[in-house]
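Here are the chains, one letter per residue:
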Amino acid sequence: MSSQTSPSRELPMSSPQPSPVAEAPTSGGETNPIRDAISEAIAEHKVILFMKGTPEAPACGFSARTVAALQSLDVPFAAVDVLPDPRIREELSAISDWPTIPQLFAHGELVGGCDIVTEMYESGELAEALQ
Amino acid sequence: MPSPDEIKQRIEASIPGAQAEVEDYTGGGDHFRATVTAAAFQGRSRIQQHRLIYEIFGSEIGGAIHALSLKTQSPQ
Chain A
2 MSSQTSPSRE LPMSSPQPSP VAEAPTSGGE TNPIRDAISE AIAEHKVILF MKGTPEAPAC
62 GFSARTVAAL QSLDVPFAAV DVLPDPRIRE ELSAISDWPT IPQLFAHGEL VGGCDIVTEM
122 YESGELAEAL Q
Chain B
195 MPSPDEIKQR IEASIPGAQA EVEDYTGGGD HFRATVTAAA FQGRSRIQQH RLIYEIFGSE
255 IGGAIHALSL KTQSPQ
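Protein chains in written order, with my numbering: chain A, 2 to 132; chain B, 195 to 270.
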């Protein structure tokens, strides 16, 4: 028998198995204008909501509920519609490690999605977090 | 398409000691609401608590599971 070195080790190239999730090629992180634009928007706005549709015409019940909570607190907020380009949502979720929309950020930090925002609204914590 | 019971079992299997109640709240089989009680949530922010659950389902969230509404709490 010929003695080969570490036959158990599999080279990645021998089994090309792309993740089934990654439909679009993920750019390795050299230049990523969409991700940079999202990060800048989060940094520049004290309160910013990424949602489906617009505050005037939400395209999803969860986004609508989150907008309603913000509006009833009379908090000014920036809003970004994620629907026009699926990459916005992909990059946003990569930044925030949060899979769903809407996503509310305040002071550069993720506050939460619809469930957390609603809970915080009801307990009074939301107004405090957005100050 | 996962059933409420399957989602419940996966949550309880993944987070030791967790108790989950899951309902299909639109009846369409893809919008679920889960209330999860687990000692593992203690000392974690709401965001961290929800992430623990989202991680179980990975890309199914937004896919086969269109929406998973969460309420998390620690046992009293």
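The set of hints was computed from the structure by calculation and includes no laboratory data. The reader is advised that the hints may include incorrect statements.
[As the list claims (entries may be wrong)] Beta-carbon label-pair distances, calculated as ranges:
| # | chain 1 | residue 1 | chain 2 | residue 2 | range |
| --- | --- | --- | --- | --- | --- |
| 1 | A | E41 | B | P269 | 15 to 23 angstroms |
| 2 | B | E200 | A | E31 | 22 to 30 angstroms |
| 3 | B | S197 | A | A44 | 36 to 44 angstroms |
| 4 | A | P34 | B | Q270 | 44 to 52 angstroms |
| 5 | A | D86 | B | Q270 | 39 to 47 angstroms |
| 6 | B | D199 | A | E129 | 37 to 45 angstroms |
| 7 | A | D98 | B | Q213 | 41 to 49 angstroms |
| 8 | B | A258 | A | A95 | 19 to 27 angstroms |
| 9 | B | A207 | A | K47 | 26 to 34 angstroms |
| 10 | B | Y219 | A | P34 | 37 to 45 angstroms |
[Stated by the list, open to error] Some but not every residue of chain A turned toward chain B, in silico, with C-beta under 10 angstroms:
| # | residue |
| --- | --- |
| 11 | E45 |
| 12 | H108 |
| 13 | L111 |
| 14 | M121 |
| 15 | Y122 |
For glycine and all other residues, C-beta sits at the position ideal for the given N, C-alpha and C.
Restraint satisfaction for L111 (chain A) [CB to CB of chain B, less than 10 angstroms]: Constraint on L111 (chain A) satisfied, holds at 6 angstroms.
Indicate whether the distance between the beta carbons of E200 (chain B) and E31 (chain A) respects the range 22 to 30 angstroms. 40 angstroms, violated
CB of D199 (chain B) to CB of E129 (chain A), is that within 37 to 45 angstroms? Holds, at about 38 angstroms.
With 37 to 45 angstroms as the target window, see if Y219 (chain B) and P34 (chain A) comply at their CB atoms. 38 angstroms, holds
Would the hint on H108 (chain A) be counted as holding, given a Cβ-Cβ threshold of 10 angstroms to chain B? Check failed: Cβ of H108 (chain A) comes no nearer than 14 angstroms to chain B, outside 10 angstroms.
Taking the CB of D98 (chain A) and the CB of Q213 (chain B), does the distance hold inside 41 to 49 angstroms? 25 angstroms, violated
Residue hint E45 (chain A), partner chain B, criterion CB-CB below 10 angstroms: Violated - the Cβ of E45 (chain A) stays beyond 10 angstroms from chain B, reaching only about 22 angstroms at its closest.
S197 (chain B) versus A44 (chain A) beta-carbon gap, inside 36 to 44 angstroms or not: Given range 36 to 44 angstroms: holds, Cβ gap about 42 angstroms.
May I ask you to test the interface hint for M121 (chain A) with respect to chain B, counting a Cβ-Cβ separation under 10 angstroms as satisfied? 8 angstroms, holds
CB-CB spacing for K47 (chain A) and A207 (chain B) relative to the 26 to 34 angstroms hint: This hint is violated: roughly 41 angstroms between Cβ atoms.
Is it true that E41 (chain A) and P269 (chain B) lie within 15 to 23 angstroms of each other by Cβ? 42 angstroms, violated
Could you say whether the range 39 to 47 angstroms given as a hint is met by the Cβ separation of D86 (chain A) and Q270 (chain B)? Given a distance of about 45 angstroms, which is inside 39 to 47 angstroms, the answer is holds.
Hints 1, 2, 7, 9, 11, 12 and 15 from the earlier list are contradicted by this structure; the remaining hints agree with it.
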